[in-house]
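Participant: These are the residues of each chain, in order.
2 protein chains.
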Amino acid sequence: MAQSKRILEYPNEPDRQSLSALLVRKNAPFNAEPTPPDLVKNYITPIQYFFCRSHGPIPDLQDDHTFVINGLGVRGKEQTWSVKDIKQKYDKKYVMMAMQGNRRDGLHRVKHTKGVIWGPCAIGNGVYAGCRLKDVLESVGVTKDLPDLGRLHCEEDVCYGSSIPLTKALGVSLGLALINTATTYRDPFGDVLLAYEMNGEPLTRDHGHPLRVVVPGYIGARSVKFLKSITIQGFESEAFYQRRDYKILPQHAKKEDQAELFWSKMPSIGEYNVQSYVCDPADGLHSGQTKNQVVQGYALSDSLLDVSGNDGKTWVEASLYQPAADGKATHVWGWCTWTARVDTVDNVRIVCRAVDSSGNIQQEQPVWNYRGVMNNSWRTADKRPDAVL
Amino acid sequence: MAQSKRILEYPNEPDRQSLSALLVRKNAPFNAEPTPPDLVKNYITPIQYFFCRSHGPIPDLQDDHTFVINGLGVRGKEQTWSVKDIKQKYDKKYVMMAMQGNRRDGLHRVKHTKGVIWGPCAIGNGVYAGCRLKDVLESVGVTKDLPDLGRLHCEEDVCYGSSIPLTKALGVSLGLALINTATTYRDPFGDVLLAYEMNGEPLTRDHGHPLRVVVPGYIGARSVKFLKSITIQGFESEAFYQRRDYKILPQHAKKEDQAELFWSKMPSIGEYNVQSYVCDPADGLHSGQTKNQVVQGYALSDSLLDVSGNDGKTWVEASLYQPAADGKATHVWGWCTWTARVDTVDNVRIVCRAVDSSGNIQQEQPVWNYRGVMNNSWRTADKRPDAVL
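If you read the protein sequences in the order shown, they are chains W and B. Sequential numbering of the first sequence, starting at 345, is according to the working numbering. Sequential numbering of the second sequence, starting at 345, is according to the working numbering.
You may find that some hints are simply not true.
It does not matter which identical chain is meant; a pair holds if it fits inside one copy or across any two.
What the hints assert, rightly or not - Below, computed lysine-lysine pairings styled on DSSO-like, alpha-carbon distance capped at 27 Å:
1) Lys421 x Lys433
2) Lys455 x Lys609
3) Lys436 x Lys488
4) Lys598 x Lys635
5) Lys657 x Lys458
6) Lys370 x Lys598
7) Lys657 x Lys609
8) Lys598 x Lys657
9) Lys635 x Lys433
10) Lys455 x Lys598
Don't read these hints as lab results, they were simulated from the structure.
Throw the hints in and build the complete structure from the sequences for me.
Facilitator: Printed below as a string of structure tokens:
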């Protein structure tokens with residue numbers, strides 16, 4: 345069963361004049377990302393350089409927009425809230441996080457992938473503000489005392505639908521805090537937000553106005569925009585985007601009919617993997633041999649970042665920039681920007697390679713999958729005119 | 345400051361006749377691992393094929409052995425328990441987990457590393473039984489209500505010392521359950537054990553009799569044997585093995601004096617990375633071209649495992665064997681064993697490559713670090729007589 349195709353119209357899209365620096369990957373629905381050098385000009389990515397990802401027309405909603413919370417544990421079975429209500433009732437919290445849905449291009453070059461061909465800049469480091477989803481859930485009766493907590497999910501909407509484990513929403517571990525909290529200070533609260541601000545301003549329509557979910561550490565697809573409903577239930581969202589989309593399929597699933605065999609077998613992607621990219625120079629190459637060429641990029645790593653001016657023959661360690669939390673927002677979920685000086689060789693790739701504190705490392709060659717997701721191979725460099733870099 | 349060298353004597357080591365199938369990497373202290381084909385003969389690794397890792401003479405302790413619990417939150421500041429006490433007082437719980445400290449050989453071949461040269465079989469899948477560390481801690485006053493929980497650590501011993509975040513011990517997340525709990529059932533309790541049994545028998549001396557910590561999902565170095573003390577404190581263990589050993593240093597730290605500059609900067613390793621290995625054929629090669637050669641191995645992955653009979657030119661998906669929990673032990677922390685049929689080429693590597701549900705993938709080439717830790721590159725294959733395979 346393929347996804348049924350709806351004919352969508354786009355009569356009321358937001359004004360995007362201020363986004364003229366973005367490379368448009370698709371006009372309708374609107375999908376765009378910045379150039380690599382623009383992306384790393386700032387540690388906090390300004391809206392003008394922040395990638396936009398949408399699956400349909402952008403709704404035009406105001407603060408009187410309401411959403412419902414229903415499902416297991418919810419008092420009265422269903423409650424309706426307006427955005428205005430939740431702004432007044434709950435404390436405002438800040439989370440800095442890297443939002444991403446990134447780098448399909450590298451896999452698409454290996455073999456056809458399904459979806460918008462994102463380059464390496466469908467990532468941004470934003471400071472989101474809103475109320476904690478955990479606070480809202482607890483106030484309507486959804487707490488960690490629910491029976492069988494480990495099997496529950498928190499569904500965000502049903503049309504563009506998605507879900508996260510309820511434990512993620514509540515900030516409750518099931519004895520499985522696999523991450524190393526030994527060396528980094530982390531916000532001692534559930535960090536999933538119902539966000540209404542981004543970088544100190546109300547969310548723009550392209551970024552989910554008036555309310556979106558923000559799920560730090562997870563792929564962007566779980567941070568649902570224009571929130572309409574939250575449902576606590578004993579299964580993952582049955583929405584297309586949870587069940588039949590963001591999954592890593594085996595390599596022999598090359599076409600839709602072959603993919604059919606695997607959707608139900610493979611896990612949904614939640615947290616993202618170790619990642620980094622050379623953004624400046626933009627094409628990952630330098631014309632001519634240069635000593636001490638300054639290169640810059642971003643990384644999702646809490647540990648090490650090596651850079652090579654000669655396609656991996658020799659490496660130098662990059663300087664990571666990841667300022668400490670400023671009191672309002674923790675940096676835990678944010679990215680690093682980095683700088684290194686390398687000796688470059690004419691027409692040879694400049695690459696980088698991040699290591700996380702568990703020793704996961706970016707591999708050299710892209711490993712293709714049908715949906716083109718989670719590509720974290722070394723960067724591509726390609727001067728062909730049609731290349732998406 | 346280098347580690348001070350103690351002269352250790354070994355007059356009272358356990359009888360190891362039943363361990364004759366192990367390859368001894370070092371006699372004193374005793375360090376040994378099975379051959380690759382022996383390792384994957386069983387899903388639950390029997391003691392005769394279970395690697396042994398020690399840093400000194402093996403103590404000869406009985407059930408009247410006592411350990412102390414002290415530090416922040418502990419009622420009366422310090423409490424002393426005997427192994428017999430805790431067996432009687434607390435429920436017996438089971439955890440199946442992959443214990444490992446593995447594959448230094450692959451990095452050592454790139455360049456000298458410091459430490460015992462482990463091959464790829466310093467890993468085993470054991471079923472441990474004991475009481476939950478969480479239950480013990482809570483009963484002495486150490487709960488998730490301690491102030492500044494996210495900064496606390498649970499130190500296990502001080503001689504061979506190590507520590508884990510207290511949140512790991514208590515099974516409390518700080519809103520940071522980065523793992524994908526969406527698709528797998530996980531034990532809804534803190535899974536760190538004070539274990540006194542392994543595979544249905546009392547722990548042997550080589551495996552920590554009478555009591556050891558078992559920290560699922562973490563490198564073996566955090567599962568301290570012959571437990572003498574537990575201390576709740578506001579900093580990581582200051583023991584050598586926590587601060588100056590199991591860390592991934594940058595590649596330019598090639599010698600002890602260069603390493604000095606990085607010990608305090610790099611994070612301690614906690615959880616382990618994505619991993620898999622071809623164990624049968626033992627040397628990762630097959631003499632002659634064979635169609636449908638059966639190969640077997642192990643993997644630490646919840647997602648995908650590809651196998652190649654031609655050094656990565658083409659891949660097939662392996663069948664993963666990971667039986668569901670049997671009611672006593674959850675399989676969440678266990679490994680997979682796997683089988684695949686590949687076409688092999690004379691003297692060309694047979695390799696495998698695991699992907700986890702976040703898209704972390706094993707990289708082709710080993711990335712060297714001074715301590716030779718967390719190697720998860722594709723397997724090596726080497727017929728030189730001195731090769732550690």
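Participant: Hint by hint, say whether it matches the structure.
Facilitator: The hints, checked one at a time:
1. Lys421 x Lys433: within (20 Å within a copy, 42 Å between copies)
2. Lys455 x Lys609: Only inside one copy: Lys455 and Lys609 sit 23 Å apart there, 41 Å across copies, limit 27 Å.
3. Lys436 x Lys488: both (22 Å within a copy, 24 Å between copies)
4. Lys598 x Lys635: So Lys598 and Lys635 pass the 27 Å test across copies only (24 Å; inside, 43 Å).
5. Lys657 x Lys458: Classified as between: cross-chain Cα gap 23 Å, same-chain 33 Å, threshold 27 Å.
6. Lys370 x Lys598: within (23 Å within a copy, 48 Å between copies)
7. Lys657 x Lys609: between (39 Å within a copy, 26 Å between copies)
8. Lys598 x Lys657: between (33 Å within a copy, 17 Å between copies)
9. Lys635 x Lys433: The answer is neither: 58 Å in one copy and 67 Å across copies each exceed 27 Å.
10. Lys455 x Lys598: within (9 Å within a copy, 40 Å between copies)
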